[in-house]
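Engineer: Taken in order, these protein sequences are the chains called A and B.
Quick note: the first sequence uses our numbering, first residue 1, plus one each step.
Quick note: the second sequence uses our numbering, first residue 1, plus one each step.
Please keep in mind that the hints were generated in silico from the structure rather than gathered at the bench.
A quick note: this is a predicted structure, and the numbers were derived from the prediction, not measured.
All C-beta atoms, glycine included, are put in the ideal place defined by N, C-alpha and C.
One or more hints might be untrue.
To be verified - Capping the alpha-carbon separation at 25 Å, the derived lysine-lysine pairs in DSS-like fashion look like this:
1. B:Lys-78 <-> A:Lys-78
2. A:Lys-63 <-> A:Lys-8
3. A:Lys-78 <-> A:Lys-8
4. A:Lys-2 <-> A:Lys-13
5. A:Lys-13 <-> A:Lys-78
6. B:Lys-78 <-> A:Lys-142
7. A:Lys-142 <-> B:Lys-142
8. B:Lys-2 <-> B:Lys-63
9. A:Lys-78 <-> B:Lys-63
10. A:Lys-78 <-> A:Lys-2
11. A:Lys-142 <-> A:Lys-12
12. B:Lys-78 <-> B:Lys-2
As the list claims (entries may be wrong) - Computed spacing ranges between beta-carbons, pair by pair:
13. A:Glu-157 <-> B:Ala-209: 44 to 54 Å
14. A:Ala-206 <-> B:Asp-5: 49 to 59 Å
15. A:Gly-126 <-> B:Ala-206: 31 to 41 Å
16. A:Ala-206 <-> B:Lys-78: 28 to 38 Å
17. A:Lys-12 <-> B:Lys-78: 21 to 31 Å
18. A:Pro-161 <-> B:Lys-78: 47 to 57 Å
What the hints assert, rightly or not - Facing chain A, a subset of chain B residues (Cβ under 7 Å, in silico):
19. Ala-122
20. Asn-227
21. Ser-230
Number of protein chains: 2
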Amino acid sequence: MKFDDLKKLHQKKYRQQFGHFLVEGEHLVLELQRALTRGTLASGSVTLYVSERYANFASPFEKVLLNDRQMSQLSDTKSPQGIVALVPLPEAPTTIQPAGKAIYLWQVQDPGNLGTILRTLAWFGGFRCLLSPGSVDPYNPKVVRASMGAIFHVPLELDVPLAALPDRFARIGCLDLHGESVVADNFVAQDCFVFGNEAQGVPREALSAMGASAFTIAGQGAIESLNLASAVNICAYEIQRAQG
Amino acid sequence: MKFDDLKKLHQKKYRQQFGHFLVEGEHLVLELQRALTRGTLASGSVTLYVSERYANFASPFEKVLLNDRQMSQLSDTKSPQGIVALVPLPEAPTTIQPAGKAIYLWQVQDPGNLGTILRTLAWFGGFRCLLSPGSVDPYNPKVVRASMGAIFHVPLELDVPLAALPDRFARIGCLDLHGESVVADNFVAQDCFVFGNEAQGVPREALSAMGASAFTIAGQGAIESLNLASAVNICAYEIQRAQG
Numbered sequence: 001m002k003f004d005d006l007k008k009l010h011q012k013k014y015r016q017q018f019g020h021f022l023v024e025g026e027h028l029v030l031e032l033q034r035a036l037t038r039g040t041l042a043s044g045s046v047t048l049y050v051s052e053r054y055a056n057f058a059s060p061f062e063k064v065l066l067n068d069r070q071m072s073q074l075s076d077t078k079s080p081q082g083i084v085a086l087v088p089l090p091e092a093p094t095t096i097q098p099a100g101k102a103i104y105l106w107q108v109q110d111p112g113n114l115g116t117i118l119r120t121l122a123w124f125g126g127f128r129c130l131l132s133p134g135s136v137d138p139y140n141p142k143v144v145r146a147s148m149g150a151i152f153h154v155p156l157e158l159d160v161p162l163a164a165l166p167d168r169f170a171r172i173g174c175l176d177l178h179g180e181s182v183v184a185d186n187f188v189a190q191d192c193f194v195f196g197n198e199a200q201g202v203p204r205e206a207l208s209a210m211g212a213s214a215f216t217i218a219g220q221g222a223i224e225s226l227n228l229a230s231a232v233n234i235c236a237y238e239i240q241r242a243q244g
Numbered sequence: 001m002k003f004d005d006l007k008k009l010h011q012k013k014y015r016q017q018f019g020h021f022l023v024e025g026e027h028l029v030l031e032l033q034r035a036l037t038r039g040t041l042a043s044g045s046v047t048l049y050v051s052e053r054y055a056n057f058a059s060p061f062e063k064v065l066l067n068d069r070q071m072s073q074l075s076d077t078k079s080p081q082g083i084v085a086l087v088p089l090p091e092a093p094t095t096i097q098p099a100g101k102a103i104y105l106w107q108v109q110d111p112g113n114l115g116t117i118l119r120t121l122a123w124f125g126g127f128r129c130l131l132s133p134g135s136v137d138p139y140n141p142k143v144v145r146a147s148m149g150a151i152f153h154v155p156l157e158l159d160v161p162l163a164a165l166p167d168r169f170a171r172i173g174c175l176d177l178h179g180e181s182v183v184a185d186n187f188v189a190q191d192c193f194v195f196g197n198e199a200q201g202v203p204r205e206a207l208s209a210m211g212a213s214a215f216t217i218a219g220q221g222a223i224e225s226l227n228l229a230s231a232v233n234i235c236a237y238e239i240q241r242a243q244g
């Protein structure tokens, strides 16, 4: 890819146009190499762009040396780490109904929240993440960074409309301020778990129409709500705990 | 307080010198008023600084009108909301051993993590939060904002040395990558739960010396670690779940 095009990958529309995203920093590149080893990265078509100090970095990927000015243009941060990988966007999953529980996030906005959620889902394993239209792009550099590499390990589906869920999942649960406790046996029996975004819940009419069951994480009411990522973390924990 | 001193409260040393901190935005001010109602706010010695558009804001607090230039100096954000409260720092708890479980955070650095943790602890209730020396100041505007007002509801103790824990707590648990599962009955039996920071665990020698028990949140190993706030969230959930 031409260098001028590489720089454009900080924007979603160019990531989609070129089918690639950027991954910055040694830690994330090492996670990428682990994903390659585990077979969760689609192909070997990764290119590393490195500063002088990473010229001898051991890697199965092709390396291209950049000068400091070029590196700072490619970097998303004020202090470039000196190593950036160009990674192909994963292809959409080919199976309609893969194994594991689905976490559906409705219009998630905060990159840090999405990154933290992916990190938790990767930690527990057995989850995939579905994003509604209007969600933050998971290949946004801030999400990739907050995920600490988990984005290479969690199956993702983008632009999944809420209305498409009933055709794919027999039992749909929704996290709400009112509902059955997540401790109930019925919770883990759901196939897909729907979460509203940072500011508002999922439209109730749509949920009613699809016969979704409402669940809640019981609290004592001192504050209005849990952080979105906290709610997903707790549900993911509860699901894997209940599954034994 | 003089206006020139107010502006200094963005820095920790002045917050400590003047014994006050700033709380910005309508949502946080409303939470502050709820804390007053619930009796968890020490006194009525809160002053509100408002722009013209909040001149008629209904509040039990004394109001001082600021012009836009003054407000932007007082604000921590690029787009000032037009309402900032001056709040006295809470006094240190007077009882040595109050009720509830203690969450001890060792050198927590990220303001967003601490804010999210406080939000979860406030959600569940029955927790207090102890911070080691070298932790981020919880009255830092970023922490206050991320806590969404939870900081007014969770008892806090600052600068608590790790070595002071054994004198105060009979059973100390520590979250680690290796240890007994948090699902075990023994977990909720602990009085104090120790968490390392974002980058490293608590020094093992110190933990061994105090006879702390190690606990772990079981994962599948695709990634190195959980986010700190996620780990605390899950433990707080598990504790309240196990307590029924």
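Engineer: Given the hinted pair Lys-78 (chain A) and Lys-2 (chain A), is their Cα-Cα distance within 25 Å?
Structural biologist: The given pair, whose Cα atoms are some 23 Å apart, holds under the 25 Å limit.
Engineer: Quick check on a hinted range of 44 to 54 Å for Glu-157 (chain A) and Ala-209 (chain B), using CB atoms only.
Structural biologist: Given a distance of about 49 Å, which is inside 44 to 54 Å, the answer is holds.
Engineer: Given the hint that Lys-78 (chain A) pairs with Lys-8 (chain A), test it: the Cα-Cα distance must not exceed 25 Å.
Structural biologist: 17 Å, holds
Engineer: Given the proposed pairing of Lys-78 (chain B) with Lys-78 (chain A), does the C-alpha separation stay at or below 25 Å?
Structural biologist: 19 Å, holds
Engineer: Should the interface hint for Asn-227 (chain B) be scored as holding, given a Cβ-Cβ cut-off of 7 Å against chain A?
Structural biologist: 5 Å, holds
Engineer: Take the C-alpha atoms of Lys-78 (chain B) and Lys-142 (chain A), compute the straight-line distance between them, and say whether it is at most 25 Å.
Structural biologist: Measuring from Cα to Cα gives roughly 20 Å; hence the hint holds.
Engineer: Verify the interface restraint on Ser-230 (chain B): the C-beta must sit less than 7 Å from at least one C-beta of chain A.
Structural biologist: Constraint on Ser-230 (chain B) satisfied, holds at 4 Å.
Engineer: Can you tell me whether the CB distance of Pro-161 (chain A) to Lys-78 (chain B) sits inside 47 to 57 Å?
Structural biologist: 34 Å, violated
Engineer: Do the beta carbons of Ala-206 (chain A) and Lys-78 (chain B) sit within 28 to 38 Å of each other?
Structural biologist: 35 Å, holds
Engineer: Taking 21 to 31 Å as the hint, is the beta-carbon distance of Lys-12 (chain A) and Lys-78 (chain B) inside that range?
Structural biologist: 23 Å, holds
Engineer: Has the given pair, Lys-142 (chain A) with Lys-142 (chain B), been kept, meaning a C-alpha gap of at most 25 Å?
Structural biologist: Status holds; Cα separation ~18 Å.
Engineer: Given the hint that Lys-78 (chain A) pairs with Lys-63 (chain B), test it: the Cα-Cα distance must not exceed 25 Å.
Structural biologist: Violated - the C-alpha atoms of Lys-63 (chain B) and Lys-78 (chain A) are around 40 Å apart, more than 25 Å.
Of the numbered hints listed earlier, those contradicted by the structure are 9, 18.
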